[in-house]
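Model the full assembly from the supplied sequences, consistent with the hints where possible.
Read top to bottom, the protein sequences are chains C and D.
Residue numbers for the first sequence, in our numbering: 19 to 222.
Residue numbers for the second sequence, in our numbering: 19 to 222.
Mixed in with the good hints, there may be bad ones.
To give an idea of the chain C side of the interface with chain D (calculated C-beta under 10 Å), a few residues [stated by the list, open to error]:
{"id": "1", "residue": "Asp87"}
{"id": "2", "residue": "Glu176"}
{"id": "3", "residue": "Tyr183"}
{"id": "4", "residue": "Arg196"}
{"id": "5", "residue": "Ala203"}
Please keep in mind that the hints were generated in silico from the structure rather than gathered at the bench.
These figures come from a predicted structure and were not determined experimentally.
Ideal placement from N, C-alpha and C gives every residue a C-beta, glycine not left out.
2 protein chains.
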Amino acid sequence: MNERGLLIVLSGPSGVGKGTVRKAIFNEEDTKLQYSISMTTRSPRDGEVDGVDYFFKSREEFEELIKKDKLLEWAEYVGNYYGTPVDYVEETLQKGQDVMLEIEVQGALQVRKAFPEGLFIFLAPPSLNELKSRIQTRGTESEDLINNRMTVAKEEIEMMDAYDYVVENDKVEFACERIKSIVVAEHCRRERVANRYKRMLEVE
Amino acid sequence: MNERGLLIVLSGPSGVGKGTVRKAIFNEEDTKLQYSISMTTRSPRDGEVDGVDYFFKSREEFEELIKKDKLLEWAEYVGNYYGTPVDYVEETLQKGQDVMLEIEVQGALQVRKAFPEGLFIFLAPPSLNELKSRIQTRGTESEDLINNRMTVAKEEIEMMDAYDYVVENDKVEFACERIKSIVVAEHCRRERVANRYKRMLEVE
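Pasting the structure below:
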């Protein structure tokens, strides 16, 4: 029987670069992680593709899935729904494969309740000024919305305590290396592997 | 003020390849770990150098250090003393540098008491047959001593529960990568870094 895979939840304040870091990880050829694509009702940004970056859904479609209990987590965030379809996650973990979610902070807290054994990684900005300038550079938001996002971001940073790891996104490739290291390290945790060794002692 | 360094304790059954793995880690140019050289009363093996692999001491010298409480841990193992001088470890951690010890299992359990916050890594053989063949290949031991070591090794594997991580030494370079990943991951643990971020929220 396969060991069950790890659920890795990558989250952090809006604008910190979750999507960029996640893409960089999945662009590497040797990645063994499976990405679980989120669902959202927000409009695609330039270059975002349906079924690759997100499943883009209407509000009606999304609310139907909520009713049917088909979402591992969902949240309304700055006027849009975001969520994670549950079936894919569960099936992939059962196969022994690690699954990564990239989701908003509110959603991560819900997943923590359903999967307390998951790895919760908080992607953090090097500083709040840096975060603000990243949100501004994105250029899709008005000044009010930027301030709103900053307030939310500060609240989110205070939610760090619900996470297992904090990874600074000072540079995308450094953040990726740290995340990959966390996954490797967690596969070596004694609680996960000790039983395999103890069985070895019995049979030899 | 610097954050205090991490104490990393690499241990595991005799013959599993602790020394080889430790050397491979410290042979890398970019390592930021400091190695704390152990003390022993056993004879140097071929190629081992005093002050590099171990500090080789007489029994009288070693017992003097025990009396003066200058050893973080010590053990008598297959007729020889092994131990870790305490001052170097403490000073290096204070400077904010990570220190790695490579020690026997008995010693690791003592260090766990003095430094419960350390990272305890158990280097494990892929199988017990593999371990036996490694001990035999070393060629310095009689058949009786090999059987004795195997009995001790089985007992040691049962002590795995006192460790945080289990790293399989299937291949030296894989074991090294896993150990380096564990160190990176531990530096990202939320308990270690959350306070730094919370201070950021106060000043900006």
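How the hints compare with the structure:
For the restraint placing Asp87(C) at the interface with chain D, the shortest Cβ-Cβ distance is roughly 30 Å, beyond the 10 Å limit, so the hint is violated. Checking Glu176(C) against chain D: minimum C-beta separation of about 7 Å stays under 10 Å; hint holds. The closest approach between the C-beta of Tyr183(C) and any C-beta of chain D is roughly 5 Å, which is under the 10 Å cut-off, so the hint is satisfied. With a least beta-carbon distance of about 6 Å to chain D, the hint placing Arg196(C) at the interface is held under the 10 Å criterion.
Nearest Cβ of chain D to the Cβ of Ala203(C): about 4 Å, under the 10 Å cut. The hint holds.
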